[in-house]
Each structure stands twice: as structure tokens, then as C-alpha cells.
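**Q** Based on the hints, put chain G in the right spot on chain X.
Here is how the chains run, residue by residue.
Number of protein chains: 2
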Amino acid sequence: MWVSLFGALLCCGVMFVINWWAALITYAIELFLYIYVTYKKPEVNWGSSTQALYFVNALDSALALTTVEDHVKNFRPQCLALTGAPMVRPALLDITHAFTKNNGLCICCEVYTGPRKLCVKEMNSGMEKKQAWLTKNKRKAFYAAVAADSFRDGVKSLLQASGLGRMKPNTLVIGFKKDWRSAPATQVENYVGIIHDAFDFELGVIIIRISQGFDISQVLQVQGMCFPSIWLPRATYCLTYQTSFHIFFFLITESTINTIQSMHVGEFNQRLLEASTQFKKKQGKGTIDIWWLFDDGGLTILIPYILTIRKKWKNCKLRIFTGGKVNRIEEEKLVMASLLSKFRIKFADINIICDINIKPNKESWKFFEEMIEPYRLHESCKDMPTAEKLKRETPWKITDAELEAFKEKSYRQVRLNELLQEHSRAANLIVLSLPVARKGAVSDYLYMAWLEILSKNLPPVLMVRGNHKNVLTFYS
Amino acid sequence: MWVSLFGALLCCGVMFVINWWAALITYAIELFLYIYVTYKKPEVNWGSSTQALYFVNALDSALALTTVEDHVKNFRPQCLALTGAPMVRPALLDITHAFTKNNGLCICCEVYTGPRKLCVKEMNSGMEKKQAWLTKNKRKAFYAAVAADSFRDGVKSLLQASGLGRMKPNTLVIGFKKDWRSAPATQVENYVGIIHDAFDFELGVIIIRISQGFDISQVLQVQGMCFPSIWLPRATYCLTYQTSFHIFFFLITESTINTIQSMHVGEFNQRLLEASTQFKKKQGKGTIDIWWLFDDGGLTILIPYILTIRKKWKNCKLRIFTGGKVNRIEEEKLVMASLLSKFRIKFADINIICDINIKPNKESWKFFEEMIEPYRLHESCKDMPTAEKLKRETPWKITDAELEAFKEKSYRQVRLNELLQEHSRAANLIVLSLPVARKGAVSDYLYMAWLEILSKNLPPVLMVRGNHKNVLTFYS
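These protein sequence lines are chains X and G, in that order. For what it's worth, numbering that gives the first Met the number 0 labels the leading residue of the first sequence as 0, then goes sequentially. For what it's worth, numbering that gives the first Met the number 0 labels the leading residue of the second sequence as 0, then goes sequentially.
Calculated from the structure, these hints are not laboratory results. Cβ coordinates follow ideal geometry from the N, Cα and C atoms, glycine included. Hints are all accurate, no fakes.
Across the chosen pairs, the derived CB separations fall in these ranges:
| no. | chain 1 | residue 1 | chain 2 | residue 2 | range |
| --- | --- | --- | --- | --- | --- |
| 1 | X | Ser3 | G | Lys316 | 28 to 34 angstroms |
| 2 | G | Phe15 | X | Gly283 | 50 to 56 angstroms |
| 3 | X | Thr276 | G | Ser48 | 33 to 39 angstroms |
| 4 | G | Glu368 | X | Asn123 | 40 to 46 angstroms |
| 5 | G | Leu333 | X | Ala21 | 37 to 43 angstroms |
| 6 | G | Lys408 | X | Ser124 | 30 to 36 angstroms |
| 7 | G | Thr134 | X | Glu369 | 58 to 64 angstroms |
| 8 | G | Pro394 | X | Met370 | 44 to 50 angstroms |
| 9 | G | Val334 | X | Tyr35 | 37 to 43 angstroms |
Chain X extracted, bound-state conformation (with noise of 0.2 angstroms):
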């Protein structure tokens, strides 16, 4: 390299030795030429060597990753994020490069559906505009996509194939599903398919919720109606998300004639492209309260103390909540304290729940029981043939028996929520351990039944598991 830079620099003194004027004038040409480039910055991609550094580079460094054993000190949140395309939740993104951002691995995945032509043409058609949109919104994330028979197939291969040697997800983060009581039994099937994929595959799960939902691209699709101009980049989505589709049609068709509706709508979406920016927002002095009920290996202790040594959640104090028994509340406090300040994570307060196994009160068990209603199968009320045939074709229903077996578990929820409201209604962040249920012996909708209730009427709530694999070590 020196050797190179020597012989052109000799080269240009013996143009000058040669003859001076010629080189001059050579030198003004070059110079003026330089300037023009520099000043009308065309846009030429010109596949220049630099280009192909940086792919040698990643290479080598990805490489050079696989050589490190894995230790629990270096264990980082590596995140599967369900946003579907970036812009449609950026809640969910927002809040999970929280957590992964220059310290973890985000990605956010998009699963097609359908004809499998169709979709491979409009998912590479998209992806690198995707990509891009997370480089001009400064989202340290990668843009992924699959095209899948079902949802649940996509993410399967998500799970298991997506990232490359040690950059792999380890942690899959997803969206409460809002409209589990009025969406097709097969989409709830899915969803909760997709969270026993994740622990069959050895990945913790995060489920987000925030009270009005992730999903904006209504919104997007009526700020392009009023925008054309961008109306197009984002024509896009309506084929998979025709939901979102059906309801821009009914806003264009309806919208015009009944007015105060379409300003229930408006208003409706402002509200919820408000809930879309709240993690974007500095947060104001408060406490993200763990409600630390299991042992996961920590990741529910983790990723909020993650948080916290963010700039934009700096204000916000960590609040420890755990089980324990009434007689014991001070060595259990001063037990939880040791083992935090071990693990070098500052805490504002640990209080012990004594009464999560208590009965809950009657109006809330009522509001759990009307609300698991119309998913019941009432076989006990049946004779057997009935009983055995409804349960043959509606395997997703709730049955007597099985409702009779897990009472304790549906209890501790609805208990849970009680006592949610009770100490952290007004948290900026709530943390909870997600319960689990054993493939095959909770039905699906028993369990979104228990999310529902347990995160219901709250600030923003994360509900983690981890998979068991230590994520926190005494040892510095």
C-alpha cells in the first residue's frame, strides 16, 4: 500500500518536472472535475470495492463469532420480533429495540400467505424498501421474510433457520392478540401454536400488550387516501392485510354519508397512532414494576433492567413483586435483596405478595366466567354421543372437565389482575411472568382467556419467559 502511494506521488512530481504548465493545467481539469462530482452527488450505484468490503467484513466478523463459547455474561436478548412489515407496529418495535438495541439482535419477521407465486414476488418486491425504512428510522434491526402455507408454518421456519451462526434469535417477541374473542378459531389455534413452537424450540417469549393495540396500518392507509402521493410505497400491504383492507373500504364508502362516524374514526385513530408513538417519547418518572412469580433463568429480571440503563426509560425505578408467605415477609425481602444486589441490579422496592393464592372476589370470577362463555362446550350438560361429537368437531372449546382441573390456574389469573390493579395501576411498565400451559391439556381459548384477564385495564405489559437457560450470573 505505502509502496503504491510513494510511486504515485512520484509520478506526480516528475509531471511536474517534465513539464510544469501541462501539469497544471491537467491538476485545474482534475480539481474543477472533482468538485462537479462532489457538488451534484449523482446517483450512481457503482458497485464500487468498498461495497464489497463491507460484505467481507460482516462475513469475517459473523465468522469470527462462532469461534466464542457461549457464557452466561454474554448472554444478550437476541429478538424474533412478529411486527409483520416494520411500520405497521412500530410500538412493538420501538419497545423491543429498546431492549436489543447495540447490544442485541433484532428481527423483525413478516410471514405471506397464500398463492406462493404471488406472495414471492410481492416479498422480495418489498424487501429492501423495509430495510430501508429500519435504516432511515435509525432501528439497529433486520428485515426478514418467509412465504408459508399458514402463519404458524412461517414462523416455525422463522424460529428455527433465520439468523446466521451465533447471531441466532433466542427470544421471540410478539403482540397480544386483541381480537382473539371475534377472530376465526383457526387464527387463535395459530397464535397459540406459535408460543409452544417458540419453548419446543428452546427461545423465550415475550407478549406485548398495550391497551389500544400495535397494529396501525388502517392508519397508514388513511394517511395515504389523504396523501397520495404516498399512497402508493404503501399499496402494498392491502393484500395481507386485508382486514385492515376492509376496513379503508368501508371508510371511503360509509365515511362520506354518516359523518359523526367517520370522526369516531378519526378520533379512534389518533388515539391509536398516539399509542404507536408512546415508546418513541422519553418516559416520565415512574417504576416498571417485575411481578417475578417463576424462575425462568431471568430474563423476566433482564429485560427491564435493560431498560433502565436506556436514556429514554433513565427516569423510571425497577419494583420487584414476588410471591411469599406471610410469616416470612422480611427474610424473604432481605433473601430477594442479597440475590438482586449479587446480580448488581438496583432496585427501588421489593414487596412480597402474600395473597396471590386466595380466592378471587366474586365480581371478577363472574367477569372471567361470562367472558369464557361462548367458548365453553358444556358436555356435562349433554348425554355422551352429543358430548363426544361436539368435542370431536370443536377441539379448540373449553370442556367442563378440563375447566374443573385448571380452576386453580384460572384463579391465580383472575387473582393476579386483581392484585395488578391493586399495587401497579399507575406504573409506566409493568414486567410479568407469562403462565404456560402444557401442550395438548389447556385449550387454546382457556389460555388467551387467562392473558386476557391477567393483563386486562393496565399500563403497557410485557408478559416474558424465558427458557430456562441462565441469563444472569453472580460472577463479575
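**A** Coordinates of chain G only, in the frame set by chain X:
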């Protein structure tokens, strides 16, 4: 950083000022400890921050790569090689590594099929060992594995979801299925299905055939039997490679009785082992023959060109064979020569073959007909209902109508093999355009028969087909 260093040095100085002999003793002890640790080299994984930095580095450079725009000049073969466990098909890995090393991506893939719980456990436990094997053998490749219901499903996941950002596969590398005639029909269906899937997902395909086959798992298992010390780590393959497992059982039960047979097996294994190392050695003086029969974007030319710039293959010269009309041989030669020199690809010779499209000689054709005989339906000799029924029951069989419709194409493959025997029998490597079959139109067995007859009795053959993306350019 410099301030810290200055502070540290200052402290050392102050130590001496305060109490010079105590400082000296301290240094002596420190030095002793340092030498002790360096000498003993305890195998401890400290989970150091250096290791964490590797991760951040890899992530940052992968993210930086996503901002780079695609350009034909920066096309690199990024291969998904279906090697199974990388030690089982070393020759397939070697040849792939030869054209991906340092400037392309190579992912060694394995698919586990069977009960999910078991598969995932086996998969995750083998993951690190297999990546370590790659590192130890200086293969710049990643290992990836998935558990799926069927082999094809697993490969589908890998084709779509593997890789991160820009570092994702664009070419599928797969060994030729040697045992297609004896294997169950579902296996053949899966194999051909994978090739179709790859084209659907817009990847290129490279099928590699060496006369001995790639899979040396039986040799590994026999070795494992002789040297019990290395038997244990290899026991994990048994589950996956059940066919070889049977052979292994056959070896320990039968070979003790029938020594002649076991000697045959030993000889066979020896040859298999030799074949498996053929791409590890430096290639002798000779040629790489490129039969460029379709324009697929240039992958068929690019792969052998990359090989010739490697040390091991630098003694091999490129010879180009392509079709043409008998009255324009010299013209077409000139056109091709100027095209290749524009691509800056050095070649030793160009041959224009005029008699590709004539009928093959009778013997070769008879051989082909005999080969496909067991897979033919012969529906025209039967009455309509039986024929229809047979067609429904065995959709993978070759119908008379199909054979008639694709007679020209079958002729062509047989004729091509004749030409290959004539011109390229002595080449070090043959690179050949892969014939493609429209999905549904050509039955799986007819397609396999084409590949079989095309690449029969030849030196190692690479059948290549790009995805019609240009990979070569005039512009420098």
C-alpha cells in the same frame, strides 16, 4: 483511555514513593501469578468483554452491510449446502468452500426429521460440536440445522429464512441423489421438490455429482468401531442417518462371518474415503470444461472462474463448449470470445458444438429406455379405467404421453452425454447447464433419469442453473 493509562502509571509510581520495598514485593507476587496462569493455561471460559465485543462487531458489520445497495459486480455465490452434518459429506463441503471461501457465504445445513422433542434435543446438543468441527478444519462456513416434519419442509425453511440481512443464501448446493432408483418414491419426490422450491424462491441451483457419492457416514461409523475413543461423539448421527445405521449393524453382524464380503466393504470404503478427499488435494494440470447451454445470468461461468483463481485449481484451464450452427462456427467463436474477454474471463479454448440436437445413437437410447422402464406407467397398453386408477395411485410414474411430449428433451440429454464422453472424458471438472423441468409437467422419475444419463460415467460434474439474475457485467 489515555487518561486511564496515565492514572495507572501514576499509581505505580506513587506506590514506590510511599514504600519502595513493599511495592517491589507486590510486583514480584504479581509477576509470579501472571507467569503461573500463562504457563498453566487453565481452560476457563471467563465470559470476557472481548467475547462480548465479537458479538457487537459482528452485529454492527451485518447492519452496515444492509445499507449497501445491490450491484451485479458485488454478486457473490452465497451457498446453502445440504451436507447434513459437515463431516458426513466432506467432498461436497470442500468444493462449495472452494468457490465461497473468503468472498462468499457457505452454510452447511442439516435437517432432522422425526418426533420434535427428540430432534430438537439432538439438534441443539450437536450444534456447537459441528460448528467447532468446521472451525477446526478451517472451513469458513456456518452450520445450521432445523427440525421439521419432512426433509423438504426443513429445506424450505432454510431456503427462505436462513441468513441475516444481506448475508442470505442465493444458491442451493446439493449432491446428486445416487440411490434414486432404489430409494422410496417419497424421497425422490422430496429431492426434486427441493430443486423446484429453490427456483420458486429465486435461488440458483448447483447439483454436484462424483462417481463415488458424497455420503461417507458408513466409513465414519466403521472408523468409530475400530477406535472406540472417537465412537461416542459420532453416535449422534445414528438417529439421523438410519440407512447408514443399518449398514453399520450389517457390518458388525455379518462381516465376522463372511470375511470376503467384509474385505469388499473395506475396499469400497477405502475408495469412498479417497473420493471424499479429492477436492482437498491440489488439482493436477488439466481443464475445467464448461458446457454453457442456456443463458442463466452467468452463474455457470462465474463458478468455474472463481475456482481457477484458487491455489488448488490454478493449474486448470477453462474450456468453453456451447451450441451453434454448423455454417457459422467461426463467427460464433468470435462472438463468444469477445463476450468472455469483456467479462475479463481467461479461457484456453472455445468449442462450438453443432450436433447437439441430432438423435443419439441407438445403444445409448436403448440404455436410457431400459433405465426408465421400471418407472413407466405404460398406460396406453391398458384400458382407460385401469390407466386412470394407476395414474392416481402413482403420480410420480412416467406416463407414455409425457414421454412422447418430452421425447426431444430426453434425446437431448442422452446426446449430450455422448458429446461429454467424447470431449470432456479427461477433464478435471465439468460444469454443465442444469436442465430444468416445469413443475407438474415432468414426473420426478423422468427428471432424475435425465440428470442420471446426463452426468453418467464422467469426472466430477457440477450441474449449474442461475436464477436469471445477472452475475457478470461488462463494466469494470
